[in-house]
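A.B. asks: When you get a sec, could you build the whole thing from the sequences and use the hints?
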Amino acid sequence: MTTEEYNSILDAIKRELKRLDVSPWIRPIKTIVDNFAGCPIDEDETLPEVEILVLLKNMKPDSNPDVIFYGFLREVEMLDCFSYRSFRDTEERRIYWDPLYCSFKDFENKGPTRTHNYQANTLYPAPDIIKAWFSLHMRLSFIAQ
Numbered sequence: 267m268t269t270e271e272y273n274s275i276l277d278a279i280k281r282e283l284k285r286l287d288v289s290p291w292i293r294p295i296k297t298i299v300d301n302f303a304g305c306p307i308d309e310d311e312t313l314p315e316v317e318i319l320v321l322l323k324n325m326k327p328d329s330n331p332d333v334i335f336y337g338f339l340r341e342v343e344m345l346d347c348f349s350y351r352s353f354r355d356t357e358e359r360r361i362y363w364d365p366l367y368c369s370f371k372d373f374e375n376k377g378p379t380r381t382h383n384y385q386a387n388t389l390y391p392a393p394d395i396i397k398a399w400f401s402l403h404m405r406l407s408f409i410a411q
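Numbering (the working numbering), first residue to last: 267 to 411.
Relax, there's no trap hidden among the hints.
BS3-like, lysine-lysine: derived pairs with alpha carbons at most 30 Å apart:
| no. | residue 1 | residue 2 |
| --- | --- | --- |
| 1 | K280 | K326 |
| 2 | K284 | K397 |
| 3 | K326 | K284 |
| 4 | K280 | K371 |
| 5 | K296 | K326 |
Distance windows between CB atoms, simulated:
| no. | residue 1 | residue 2 | range |
| --- | --- | --- | --- |
| 6 | D328 | C368 | 32 to 38 Å |
| 7 | Y362 | A303 | 16 to 22 Å |
| 8 | E357 | K296 | 32 to 38 Å |
Bear in mind the hints are in silico, worked out from the structure with no lab data behind them. Backbone N, C-alpha and C fix where the C-beta goes; we use that ideal spot for every residue, glycine too.
C.D. replies: Rendered as structure tokens:
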């Protein structure tokens with residue numbers, strides 16, 4: 267994806283967040299999008315920015331912010347992008363990339379061994395962890411505004 271395409275999708279996400287009156291959510295969303303940058307994802311439809319944009323476009327504005335909040339959480343925990351894995355073996359153990367807390371580029375550049383990438387049938391981290399991370403960071407984004 268080119269920088270132009272990336273910026274275009276981020277602008278579209280910002281417009282959708284504004285439409286839903288949750289503009290501060292751009293912070294945690296951008297964190298995840300940036301953490302996946304460089305990850306060898308096979309299809310553009312499974313890039314987090316594309317999946318999140320589709321999710322947001324399918325949401326209807328609601329006067330009750332909890333409806334939007336919990337609707338988003340219900341869907342975000344199942345994004346296909348979380349099925350992509352990267353790991354590196356050391357002498358002591360295998361270390362897996364955690365896209366909630368580390369960018370792919372940083373993980374790839376850490377350590378002396380090469381990373382191995384693949385797509386799994388399950389999500390990582392587990393859906394409840396993904397949901398908890400988004401829940402916390404979405405709430406904090408409103409406090410930080």
